[in-house]
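**Q** These are the residues of each chain, in order.
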Amino acid sequence: MPPDSKPTIFINPAKCIGCRHCEIACAVEHSKSKNLFSAIFEDPLPQPRIHVLPMGAYNVPMNCRHCENAPCMEVCPTGAIFKDEDGAVLVDVDKCIGCKMCAIVCPFGIPEFDALNGVMFKCDMCPDRRAEGRPPACVEACKTGALMFGTIDEVVSQVRKETAEKIIKLKEGEYKEEYNGWELFRSFQAEVIRINEGESK
Amino acid sequence: MKKYKEVSIDPTTQKMYERAQELGIETVWERLEKQQPQCGYGLLGICCRNCMMGPCRINPFGGEPKRGVCGADADTIVARNLLRMIAAGAAAHSDHGRHVALTLLVAAEMAEKFKKEGKPVLELDNMASNTLPYQVRDPEKLKAVAKRLGIETEGKSIRELAKEVAEVALNDFGKQDEEPLAFLKAYLNPKTYEIFEKAAEKAGMPWFENGILPRSIDREIVESLHRTHIGTDHDPVSILLHGLKTALGDAWGGSLIATELQDVLFGTPKVIKAEANLGVLKEDYVNIVVHGHEPVLSEKIVEAAQDPELLELAEKLGAKGINVVGMCCTGLEVLMRHGIPIAGNFLQQEMAIVTGAVEAMVVDVQCIMPATVDVARCFHTKIIDTSPIATFPGAIHIKFDERRADEIAKEIVRTAVENFPNRSKQRVEIPKEKMSGYVGFSVEAILEHFGGTLKPIEEAIVEGKIKGVAGLVGCNNPKVKQDHNHIKIANELMKRDVLLIGTGCWATAAMKYGIFLPEYADTENVGPGLREFAKEWGIPPALNMGSCVDCTRMLVLADLIARDLNVPISALPVVGSAPEAMTEKAVSIGTYFVASGITTHLGVVPPVLGGPKVVKILTQDLYDIVGAAFIVEPDPYKAAKLMYEHIMKKRKELGI
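Line by line, the protein sequences are chains A and B.
Quick note on the numbering used here: the first sequence kicks off at 1 and runs consecutively.
Quick note on the numbering used here: the second sequence kicks off at 1001 and runs consecutively.
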């Protein structure tokens, strides 16, 4: 089996603290000026292609998975959706007719409609940055590790390594759950949700 | 959009929230939803915006970045942010106190001036003259405060005493020496004073001169800003010690001055029966809601609403009269002193406007949402801002000046009355629900009720009829179903025979549910011991002690009990709780409760969890430093249990 050498953006909701820095960085990257202080004065205002959704005590960053067998690509009647050499699923705006079929079939609800130009837009994995060997803007902005850029092999081997370390420490009796303010906050948050919902039934 | 039952347990809020949805009016709950997810850095307190190398944030999962650009770690950042919150809360309370002290001084100086001009001497010397914008309504309290402060009262007129007391108060704000506040020295028992003196030494920081005893109200707030400036104080221990000091400057300084001098000017609250909730708005009347925190103006609005000329105008325009009602702590101030009905607590400010029956909402300072202006645009309601320091875009600005108090108050009431014909009658929907209760339990009123002594309460505690006392404090927070935690915690504590005292939005919540009625003692929510005690003395099982600035009444009460038992406040079987905390003022109150020796529960997680050392100091180490600490627990049942356990631990330590 050949190794999957194409990196993509992985999400880890357990580490997403909902700061929405990824959304801002994405919008700035897709602005004309690529500068926060001028991007906020542009017309039209640049829009993010990643969205953080609050889900109870968790937050989930939702972005394009750049699927191997992308249904959006398969269903696009004009062939506007294509994969580039890095495996990024992109929209060719010149071919896009704004039929929104891609949005309907996407299981993640990713393609959005640009009403001004009548075309679809979505995560493009930051082609300008990739050309420079830099990670996508959202990944760079995420300081908690909720977004990771790498190949599937890199990601799973990292998880494998961390768990293996934990197993050894547990065996040696050295494992100690480290203080984690966010986990503590989430446990309180789960309590709040339970109380607020519980009594309303 | 939320279901109405998710936002509140109050039927009037539920109805008005549904009504707002019908009319497409956005409220606090929609805005909270639109803010989701809220930034985790902010929620954990690990975002620093104190300099322009930043903003910086720390990875809460242990990875990089571990430090801000300057090198500050999570604990430094969390402690600095918390200190700034305390300083802002202390500033809000204390600036309120300053305003009251200045009002007293201005009135005394005007009396002096009029006297020189040959106006009636006796009335002016008694500060009772109608020519003054403000009189001294409680000369006995003025004398008592003066005596506490060590001011010679013999042979002095009320006018002279008022001036002297106001000057001592104002000196506490701006003095530059190292001496502790005059008000603190006058009010605090020696054993607790000693704890303050030694607290910093106990925490390993002997260079704090006079420990955490505040020197000047303003100075501690300014020093908080100085310490948290880039590159100044970085040790979470020293930062938090100064936090305690700043909060104590609020407790035994700014807030205490506000309460005491308001009593002097407007009268010390006495037990009185009144009503609460949106049902106090009247369909055929001109409804004026006074909202905010300072009674200096609202006292005058209450007077102006009785002006025959304005009443005549109201009748001419088709109204049966003028109905002044309160909201938030301004509401509690006029409720406590005059029995003016209170329309609701913090989360009901928009709901009151949605009734369509409010001619004017007159606002002063603190906890007034700018959104009231937007909601008011959907109706005929006029929002009138009155404080020179609080301007609301889109509101009518009628700014207040103590020297012309009566004239301005009349102008405001006239504006409301003249707005009555603009009311759209078919859009009016006032919920019927309201509840009565006994309020006005100032320390003086409590003493009077128990025959000039606190002995009956103390004996009941020693006997175990009452297990202890819990001070419950204000705020609503849309993150918590309105009043839910307030009422659950109150009931759970009363079931365990804990006597409740309380202020602020908690007090309004309790009143709305009938807890301030003596009959409430007969319900299953009150334990047999507390029931017997309440019945024996003809009191409700919970006592309304006023607005949130009046939390000092609870401290003064605790001080008196501590004196009687000859122990520091921290030895008493007493706890505090802010079940639905929201404001920076609540952070200051919680901190000064803890610093004064009262372990305090917070029902909303404060933004500190990102700093493990800070969390440990606040929830554990403070027990060794000041004899009390914070408890954080969102579940009201668990919280009440923890508070009760603390009371029982204190009883055991006292050997009772």
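There may be inaccurate statements among the hints.
Taking beta-carbon pairs under 10 Å as the criterion, some of the chain B residues facing chain A (in silico) [said to hold, decoys possible]:
hint	residue
1	G1040
2	C1047
3	P1060
4	P1065
Calculated directly from the structure, the hints in this document are not laboratory data.
C-beta atoms are modelled at their ideal positions from N, C-alpha and C, and glycine is treated no differently.
**Q** A separate judgement is required for each hint: does it hold in the structure or not?
**A** Structure-based check of each hint:
no. : hint  : result
1   : G1040 : holds, 2 Å
2   : C1047 : holds, 8 Å
3   : P1060 : holds, 5 Å
4   : P1065 : holds, 6 Å
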